[in-house]
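Number of protein chains: 2
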Amino acid sequence: MQVIKKQSGAAFKLKKGQKLKVIDAEGEQVSDMVLFNAKDRREKISSGKTLDFEESVLISSGHFLWSNRSNKMAEILEDTNGRNDFLLAPCSPETFKVMYDDYDGYHPSCFENLYTSLEEFEIQPDDIPTAFNIFMNVQFDEKGKISVEPPLSKAGDYVLFEAKMDLIVALTACSAEDSNNGSFKPIHYEIVK
Amino acid sequence: MQVIKKQSGAAFKLKKGQKLKVIDAEGEQVSDMVLFNAKDRREKISSGKTLDFEESVLISSGHFLWSNRSNKMAEILEDTNGRNDFLLAPCSPETFKVMYDDYDGYHPSCFENLYTSLEEFEIQPDDIPTAFNIFMNVQFDEKGKISVEPPLSKAGDYVLFEAKMDLIVALTACSAEDSNNGSFKPIHYEIVK
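Chains A and Z, in that order, are what the protein sequence lines are.
Residue 171 in full-length UniProt numbering is what sits at position 171 of the first sequence, and the numbering runs on without skipping anything.
Residue 57 in full-length UniProt numbering is what sits at position 57 of the second sequence, and the numbering runs on without skipping anything.
Calculated directly from the structure, the hints in this document are not laboratory data.
We treat Cβ as the ideally placed atom computed from N, Cα and C, and that holds for glycine.
Careful: at least some of the hints might be erroneous.
[As the list claims (entries may be wrong)] On the chain A side, residues computed to face chain Z include the following (Cβ under 10 Å):
| id | residue |
| --- | --- |
| 1 | Asn68 |
| 2 | Val98 |
| 3 | Gln139 |
| 4 | Ser147 |
| 5 | Val148 |
[Stated by the list, open to error] Simulated pairs of lysine to aspartate or glutamate, DMTMM-like, Cα-Cα distance not exceeding 20 Å:
| id | chain 1 | residue 1 | chain 2 | residue 2 |
| --- | --- | --- | --- | --- |
| 6 | Z | Lys97 | A | Glu55 |
| 7 | A | Lys145 | Z | Glu142 |
| 8 | Z | Lys143 | A | Glu149 |
Using the sequences and the hints given, assemble the complete structure.
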């Protein structure tokens with residue numbers, strides 16, 4: 001079991017057929033996930049392709065995560081919480097400037113934690129796509145109004161993915177107050193063979 | 001006035017402060033639009049940043065289109081129809097394979113029409129992000145279920161954008177039957193100073 005400390009990130013390889021369990025160990029925490037084809041980093045997770053092919057804004061058990069080249073990157077085998085977000089980009093330094101009234105100088109962000117974790121794989125900040133935001137509770141109504149609410153996940157909730165190609169995976173323990181009810185916590189993960 | 005013929009595309013430069021009017025000349029037609037920073041193509045339109053900062057799934061008059069670097073790329077000054085989509089990736093050859101039962105061989109697509117139009121600006125297929133799909137009528141319910149419906153746009157409906165930085169713009173006249181009620185038509189556009 002690996003631990004991603006609060007407001008940090010991790011990146012690692014996941015081989016085709018391996019399973020990845022992402023666990024909200026303490027509850028009400030979000031993990032932003034991005035995926036890249038390990039053999040060609042220009043292929044990566046795509047919100048637009050996934051929502052299109054799965055015909056759903058909400059992505060959970062039984063759905064696939066698709067790439068910008070229209071290939072299946074991962075399948076969601078289990079999802080004990082059932083609410084994830086695939087609309088919003090990872091929180092970045094600008095998120096706190098634009099969206100948070102109390103912004104004052106440096107703030108850790110998922111965007112920074114993703115690209116610094118991915119540096120060793122020669123992936124640059126501009127390469128970071130919209131992430132699959134595990135446990136993130138983004139509500140929307142028919143008029144399109146979006147609100148970021150506290151996660152519904154309880155301690156021990158998890159999402160289990162199976163890689164459909166050799167992947168580079170990056171995960172965060174989210175840094176944004178609005179996403180995790182103002183309480184920064186770790187995220188745990190485990191690679192299951 | 002420029003005409004994009006049915007199932008084709010166009011790409012051009014738009015300077016900061018210039019206005020672009022995209023017109024559904026005959027009604028019920030969709031135009032996929034992508035934007036790049038003319039001075040650095042690695043900065044481009046981002047659905048995830050736009051939905052986040054505008055706090056809405058539905059993007060129309062008064063909203064900005066934001067980049068992956070959290071900068072404003074364009075403002076929507078007018079929108080006579082009021083329904084656009086920013087969830088779904090441009091239709092690609094695989095769209096017709098995965099989503100359409102009657103797929104049989106080659107099918108024109110917005111994805112191909114975007115990247116072939118953008119070749120002259122040294123933008124590659126892998127660089128194409130989720131497009132802002134003007135006039136596209138994607139309905140969704142609270143459970144997230146997505147359906148692509150015929151556009152609500154009437155002949156002459158338009159969206160007027162103002163560039164907030166020097167841009168490379170690509171537009172299509174959409175190639176997907178489901179997006180334009182099975183009737184392929186041109187899209188008109190005009191650069192207004």
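Hints, verified against the model:
1. Asn68: holds, 6 Å
2. Val98: Holds, because the Cβ-Cβ distance from A/Val98 to chain Z comes to roughly 5 Å (cut-off 10 Å).
3. Gln139: This hint holds: A/Gln139 lies near chain Z, its Cβ roughly 8 Å from the closest one there, short of 10 Å.
4. Ser147: With a closest approach of 7 Å, the A/Ser147 hint holds.
5. Val148: holds, 9 Å
6. Z/Lys97 x A/Glu55: Judged against 20 Å, a Cα distance of about 15 Å means the pair holds.
7. A/Lys145 x Z/Glu142: holds, 11 Å
8. Z/Lys143 x A/Glu149: Holds, at roughly 16 Å.
Comparing the model with each earlier hint shows no violations; every hint is respected.
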